[in-house]
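Go ahead and model the full structure; you've got the sequences and the hints to work with.
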Amino acid sequence: MKKIATLLALAACAATAQAAPIGYEGARHLLNRVGFGATDAEVVAFAPLERDAAVDRILGGARTEPVHAPPAFVDEPFTPFYKLKSLSADERMAYQRKRVQEGFELRGWWLREMLDTPSPLSERMTLFWHNHFATSQQKVRSPQLMYRQNVLLRREALGNFGALLHQIGKDPAMLVWLDNAGNRRQAPNENFAREVMELFTLGEGHYGESDVKEAARAFTGWSLDRETGTYVFRPAFHDFGEKTVLGRTGRLDGDDVIDILLARPETARFVVAKLWREFISPQPDPDLVARWAALLRDARYEMKPLMRAMLTSDAFWSPGNRATLVKSPVVLVVGTLRTFDIHPFDMRPAVFACAALGQNPMAPPNVKGWPGGDAWITSATLLARKQWIDRVFRGAEPPAMLMAVGDAPAKPGAAGVPGEQRYQRMLERGMSEYAFDPSKLPHDAARVRALVLATAPVNPTEGLQGADLARALVADPAYQLQ
Amino acid sequence: MTFDRRRFLQAASLAALAATVRIAPAAEPRRKLLVLVELKGGNDGLNTVIPYADPQYTALRPRLAIPRDQVVQLTEQAALHPSLAPLKAAWDRKELAVVQGVGYPRPNLSHFRSIEIWDTASASDEYLEQGWLARAFALSPSPADFAADGVVVGPNAMGPLSGNGVRAIALSNPEQFLRNARLAHDEGRAANAALAHILAVERDVTLSAQRLRAGRTFATEFPRSAFGNSASTAAQLAANEAGISVVRVSVGSFDTHANQLGTHANLLKQLAEGLVALRGALIEAGRWDSTVVATYAEFGRRPRENQSGGTDHGTAASHLVLGGAVKGGLYGAAPALDRLDANGNPPFAIDFRAYYASFLDRWWGIDSRAVLGGKYSAVGFV
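So the sequence lines, in the order shown, correspond to chains Y and E. Counting from 1, one number per residue, gives the positions in the first sequence under the numbering used here. Counting from 1, one number per residue, gives the positions in the second sequence under the numbering used here.
What the hints contain is simulated information worked out from the structure, not anything from laboratory work. Cβ coordinates follow ideal geometry from the N, Cα and C atoms, glycine included. Mixed in with the good hints there might be a few duds.
[Claimed, not checked] Some chain E residues close to chain Y (C-beta under 8 angstroms, calculated; not the full set):
no.: 1; residue: 171
no.: 2; residue: 172
no.: 3; residue: 218
no.: 4; residue: 306
no.: 5; residue: 310
no.: 6; residue: 312
[Said to hold, decoys possible] Non-contacting residues of chain E with respect to chain Y, defined by C-beta distances greater than 12 angstroms in every case (computed):
no.: 7; residue: 73
no.: 8; residue: 107
no.: 9; residue: 157
no.: 10; residue: 258
no.: 11; residue: 283
no.: 12; residue: 289
no.: 13; residue: 337
Now the structure itself:
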């Protein structure tokens with residue numbers, strides 16, 4: 001009896017929470033989790049909404065195309081890979097330089113999209129899928145193909161996971177990245193077949209080595225047109241014979257295998273658990289994951305019903321789950337710019353910052369993507385985070401000080417961080433347009449604290465105001481969390 | 001004030017240099033150094049240490065077999081890839097151990113699961129949270145005045161040093177680490193797990209920064225490559241007056257599913273040149289006899305080449321161990337190419353935990369049974 005009364009009381013509570021305005025802190029929580037920071041004005045605009053209305057507004061604004069025009073190079077004719085072999089050494093060097101430059105342009109364009117888009121969730125999900133179908137320019141070596149994949153990820157970002165999975169298997173960048181372009185029947189290449197099961201759908205332990213081998217046969221012939229860099233099916237490469245994948249036997253092709261994977265319950269559970277870790281907390285609740293996985297399958301892998309269920313859930317709104325997620329470098333960098341209303345003309349310093357902090361977009365460390373969670377923070381990356389924040393918020397210090405700090409030159413190419421030396425130079429000299437403007441902050445100190453941090457600061461901030469308060473808050477370890 | 005501290009650290013590092021460089025090798029540290037080199041992505045052991053006399057080798061690899069007249073012969077049966085020629089001198093001096101067939105039972109062919117198995121020294125079906133070195137140092141901490149138990153070079157995950165109970169930091173280069181360390185001074189406790197993790201990282205940064213010195217230069221030149229930079233950082237750390245027990249560097253990706261020949265040759269060249277430079281710098285620093293350098297990877301690659309001119313995920317592979325105190329030579333057993341399993345992979349000859357036990361028991365004197373959860377006989381290379 002008592003139990004029932006408690007349950008009723010809990011249900012009533014939940015119902016009231018659903019019906020009440022989400023308030024300033026609630027709006028801040030929602031906007032930061034589904035986007036990249038949020039300005040005071042954005043938080044104020046969402047505060048009076050009820051939970052459902054706030055989430056519906058966000059999902060209703062979902063986009064399938066970017067607001068910013070892509071860099072011009074994406075429309076240039078595709079340079080076939082085989083033509084590179086006939087270039088002279090100088091031409092090759094020039095081509096490589098151009099490609100590196102295009103890579104920066106592409107990343108800068110995407111970060112600017114994240115910063116300016118009216119639908120940050122669309123970009124958060126594009127980034128989520130980029131991490132899920134983690135593909136790297138390091139191997140693909142064509143910013144054009146990376147761009148085309150990015151367009152696909154955005155088109156289905158809040159669309160349909162099944163459709164996305166079918167298209168990603170034929171995506172040119174993916175065909176190069178996981179070597180399926182050269183997958184032939186006589187001696188199949190297992191790379192894509194393995195990762196599509198382990199990392200894109202079922203998860204490790206839910207398939208056998210024979211499934212990998214058989215699926216690799218089914219994907220033979222999914223290839224690339226050498227001239228245009230677009231998908232082409234090569235019947236001469238394809239194994240038309242009978243295969244058995246996860247207990248299903250037939251003359252399976254790649255699309256059949258993907259349908260077999262989508263039919264398995266593990267797939268939806270795998271994707272939902274990953275979304276939980278992205279949006280709610282580091283520890284997925286198995287019961288809710290199972291329920292939402294069923295929802296995703298019932299909706300034939302449409303993403304919006306699932307996202308609505310997740311974002312309106314008590315789990316998402318629970319105070320116990322606030323500030324439990326470490327911000328990714330992209331979320332930290334773009335989120336800082338967005339929260340403090342900084343809109344630089346040159347996005348390259350932001351691109352370099354993300355890379356130095358351990359997340360170079362379009363260049364994940366491997367096909368599993370960035371490990372994320374607490375692993376974002378090592379002593380190396382934490383110091384890089386603090387250094388970047390220090391530069392943005394340094395502001396009022398005299399130029400002499402900046403010079404003095406800059407006088408110790410960075411040693412050439414620290415391991416693993418692209419363009420380390422250039423980045424250090426940029427931090428010293430090229431960050432002026434990244435400096436924050438304290439006059440854009442609310443006057444009320446408590447509101448600044450609520451805007452900037454997801455939880456109480458570790459260090460005392462009592463008595464601080466304006467720029468000093470902002471500096472203390474962003475320097476606080478709690479600023480690393482969302 | 002923070003600024004004065006940086007100046008102070010720089011001055012102190014110069015003083016430390018002046019004091020140590022000329023007089024003598026750095027005072028003999030009380031725990032010797034292990035430099036682990038991760039060959040990320042799974043290195044093709046078969047084209048690294050080549051069974052060039054085995055007819056199966058060329059039969060399995062019509063396109064990828066290294067021609068017999070190009071290999072660097074070690075014995076009648078085994079040879080090094082031509083890119084590893086710079087290491088031949090170390091072999092001749094008996095400073096290079098070639099450990100063949102390192103693997104484990106019921107091998108997992110996923111990169112991520114298999115490196116987790118290697119990092120945590122678990123069984124194939126056992127899931128452990130803590131890295132094997134974290135377990136070792138939790139059991140037997142490095143001397144209290146060491147700069148850290150371990151340092152991971154680069155922005156990578158902590159790997160074998162991940163988990164509680166170990167004093168480990170990650171850095172890309174020591175100068176920059178010391179310059180920025182002043183920014184990490186937060187103290188406190190937190191119920192929030194993510195916040196507690198950040199504060200723990202800050203504590204390790206502060207402690208290490210007090211003891212690390214940077215700016216050590218070497219007459220040895222390091223190659224201009226990513227691995228050359230990592231090797232240079234490893235040398236600086238090894239030469240540091242306050243000790244460090246482990247430095248982990250990495251190179252790769254060795255995940256050569258397609259068009260393997262050129263990529264693999266370049267990577268092995270980077271590796272060999274970096275290791276040779278590291279040796280030179282450690283000799284300068286007087287640390288070569290108290291350092292072992294050892295490679296590891298999640299797996300080797302499939303003996304039979306695929307049709308994209310590459311190799312798929314394999315199992316057991318050869319690894320290299322170098323150092324002034326290493327007992328050079330061949331260990332383990334040549335790959336049994338006539339006994340491939342259902343997936344086409346060779347059996348292992350030496351359990352990777354026996355490989356680890358060699359460092360634990362013989363290099364450090366840490367009881368390997370307590371760390372590895374079983375008895376694994378050390379391999380005799382140290």
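Restraint check, 8 angstroms cut-off on beta carbons, for residue 312 of chain E near chain Y
Given a least distance of 5 angstroms, the restraint on residue 312 of chain E holds.
When the least beta-carbon distance from residue 218 of chain E to chain Y is tested against 8 angstroms, hint result:
This interface hint is violated because 13 angstroms lies over the 8 angstroms limit.
Distance rule for residue 107 of chain E, whose beta carbon must clear each one in chain Y by more than 12 angstroms:
Given a closest Cβ separation of 10 angstroms, the condition is violated.
Tell me if the interface restraint on residue 171 of chain E is satisfied: Cβ within less than 8 angstroms of some Cβ in chain Y.
holds, 5 angstroms
Should the label of residue 289 of chain E as a non-interface residue stand, given a Cβ cut-off of 12 angstroms to chain Y?
With a cut-off of 12 angstroms, residue 289 of chain E remains clear of chain Y, as the shortest Cβ separation is near 25 angstroms.
Are all C-beta atoms of chain Y more than 12 angstroms from that of residue 283 of chain E?
Non-interface label on residue 283 of chain E holds, nearest chain Y Cβ at 21 angstroms vs cutoff 12 angstroms.
Chain Y contact restraint on residue 310 of chain E - CB to CB distance below 8 angstroms:
holds, 7 angstroms
Given as non-interface: residue 157 of chain E, partner chain Y, CB spacing beyond 12 angstroms:
violated, 5 angstroms
Closest CB-CB distance from residue 337 of chain E to chain Y, is it above 12 angstroms?
Answer for residue 337 of chain E: holds, closest chain Y Cβ roughly 17 angstroms.
According to the definition I'm using, a residue is off the interface if its beta carbon is farther than 12 angstroms from all beta carbons of the partner; does residue 73 of chain E meet that for chain Y?
holds, 30 angstroms
Interface hint status, residue 306 of chain E versus chain Y (Cβ within 8 angstroms)
holds, 5 angstroms
Are all C-beta atoms of chain Y more than 12 angstroms from that of residue 258 of chain E?
Non-interface label fails for residue 258 of chain E: nearest chain Y Cβ at 4 angstroms, not farther than 12 angstroms.
Hint compliance for this structure: hints 3, 8, 9, 10 are broken, all remaining hints hold.
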